[in-house]
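Between the sequences and the hints, there should be enough to build the whole structure, so can you do that?
Using my numbering, read the sequence shown as starting at 7 and increasing by one per residue.
If you are wondering where the hints come from, they were derived from the structure by calculation, not from laboratory data.
Glycine included, each C-beta is placed from N, C-alpha and C at the ideal position.
Some clues are possibly wrong.
[Stated by the list, open to error] Simulated DEER-style distance windows between Cβ atoms:
hint, residue 1, residue 2, range
1, R56, V94, 39 to 45 Å
2, V94, D361, 42 to 48 Å
3, Q63, L350, 24 to 30 Å
4, Q63, L400, 15 to 21 Å
5, G168, T448, 20 to 26 Å
[Unchecked claim] DSSO-like mimics (lysine-lysine), calculated; alpha carbons at most 27 Å apart, straight line:
hint, residue 1, residue 2
6, K38, K60
7, K44, K10
8, K434, K49
9, K281, K238
10, K38, K96
11, K96, K414
12, K281, K266
13, K434, K364
14, K60, K49
15, K281, K251
16, K222, K343
17, K372, K266
18, K238, K222
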Amino acid sequence: MADKRAQHYGEKLSRLIRMETVSVRGQHGGEKFTAFRKLLEEKFPLLFSRGDCKVFQGGFLLRWKGTDASRAPILLMNHHDVVEANGVWKYPPFSGTVAEDRVWGRGTLDTKGGLCTMLCSGEELMAEGYVPNRDVYFLSTCTEETDGYGCREIVAYLQEQGIRFDLVLDEGGMILHDPIGGADGVFAMIGVGEKGFLNLKFTARSKGGHASAPGKDTPLVRLGKFMAEAEKGNIFPTEISPAVKEMLSRFAPTMKGVMKLACGHTGLFGPVLRKVMPALSPAAEALLRTTLAFTMCGGSEGANVLPGEAWVIGNMRYSHHQGRDASLEAITRLAAKYEIETTLLEDGGESPITDHNKEGFRFLSKAVEETFPGVIPVPYVTTGASDCRYLSVLSDNCLRFVPFHIDKQQYGSVHGEDENVNLSCLPKAVDFYRYVITRWKTE
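Below, the structure written as structure tokens:
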């Protein structure tokens, strides 16, 4: 049975989940997002009445004024738009049902849960009379799941104001048991950067014709051959980055056998790890190379008609070592081998890596150790895109972490069915954000 704090936070989060905020590409803002911000003002009255809240088309920026304007501010952020909730759910996805000691619904993990606990920390501290030693900013957008317009809009404003942040903390990794397979421990996966992404369209053409006399290498066949070869990943070289090396070294003490030895000595066993890690899990493989996922397709509209044009959409997440241009060149060359045209549909931008040896990561590690005893902080490169990628122009300490301890079902529910968060997660998450606000450079 959840304690009173957990129930209190769970009720707040449940109310946020009940207000549907699915975002649509090309639409920035709108009535439901205005209504959601009004709901936040209702649930967090001190922050929104005493803080300076500036509203943008794609989100809002709230400033909590500190005592010393000469100190660089910090920024906490979590978006409030969510993806669609298709499929069959145990509880309706926008019901915010509280059952089985969990809050259920779209956004509980991605990332209304993070937003709720983040704002709860500020609301509580303000109610206690606490005043930070520097300005604390809270940022939330309604376009993170689509085109990132809201964050780009807010970053442009911050640049005009000449504001730079000492620390930026956005969504990203969470607390997991055995994140890659073979690591028998509980780890706080703190994102120090993220892979860039491109959305690409691959088009194969022919003269079409009747399906009764198809000939060889029709558009769909060529696309199939192309996708099969692309999936092997041979055109995307593997490399163990410094962040991944550090991650593996922190996993090593909890491992057994050959993996314990290899992860503890990546310099010596790097070639072996580059071959073994892809076999552990898709997540492990994604840490080492550019990936390409085929997500949409189209051909003719008749079952007996050969398409004059067939296409597939691929979502590329490119590694830092291969980079955007080389990754794009490699897949374009492979597509041309099958007489397929490559078109760039969307460029999600690049994100530099924050050095895990510097103060930002060290501080968050301390926050994890204080708030979650026994949990091991680990740097890694997130494979999904976040609003945080736009903040690198405003801070040298951009990190990605939501302080929720989740299981494998919950991990798989992000953008899937039955998304939920344990009530017991919520008080510790609030405590973590309180630590960040009150302890960053308090000397």
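Each hint, compared with the structure:
1. The beta-carbon spacing between R56 and V94, approximately 44 Å, falls within the hinted interval of 39 to 45 Å.
2. Range check, V94 to D361: about 44 Å between beta-carbon atoms, so the 42 to 48 Å window is met.
3. Distance hint check: the CB atoms of Q63 and L350 are about 26 Å apart, consistent with the given range 24 to 30 Å.
4. Checked against the hint of 15 to 21 Å, the pair Q63 and L400 passes, with Cβ atoms roughly 20 Å apart.
5. At roughly 25 Å, the beta-carbon separation of G168 and T448 lies within the given 20 to 26 Å, and the hint holds.
6. Between K38 and K60, the direct Cα distance comes to roughly 18 Å. Compliance with the 27 Å bound is thereby established for this hinted pair.
7. For the hint linking K44 to K10, the alpha-carbon distance of about 26 Å falls within 27 Å, and the restraint holds.
8. Our distance criterion of 27 Å between C-alpha atoms is met by K434 and K49, whose separation comes to about 19 Å.
9. At most 27 Å may separate the alpha-carbon atoms for a hinted pair to count; K281 and K238 meet this at roughly 13 Å.
10. Note on K38 and K96: the hinted pairing holds, with a Cα-Cα distance of about 25 Å set against a maximum of 27 Å.
11. For a cut-off of 27 Å, the pair hint linking K96 to K414 stands: about 17 Å separates their Cα positions.
12. A threshold of 27 Å between alpha carbons decides the hint, and for K281 with K266 the separation of about 15 Å falls inside it, so the pair holds.
13. For the proposed pair K434 and K364, the alpha carbon gap of about 25 Å is at most 27 Å, so the pair holds.
14. In summary, the hint linking K60 to K49 is supported, as the alpha carbons are separated by about 18 Å, within the 27 Å threshold.
15. Using a Cα cut-off of 27 Å, the hinted pair K281 and K251 holds, with the two alpha carbons roughly 15 Å apart.
16. For the given pair, K222 sits about 15 Å from K343 by alpha-carbon distance, which is consistent with the 27 Å threshold.
17. Note on K372 and K266: the hinted pairing holds, with a Cα-Cα distance of about 25 Å set against a maximum of 27 Å.
18. Distance restraint check for K238 and K222: the Cα-Cα separation of roughly 23 Å lies within the 27 Å cut-off, and the hinted pair is therefore satisfied.
Of the numbered hints stated above, none is contradicted by the structure.
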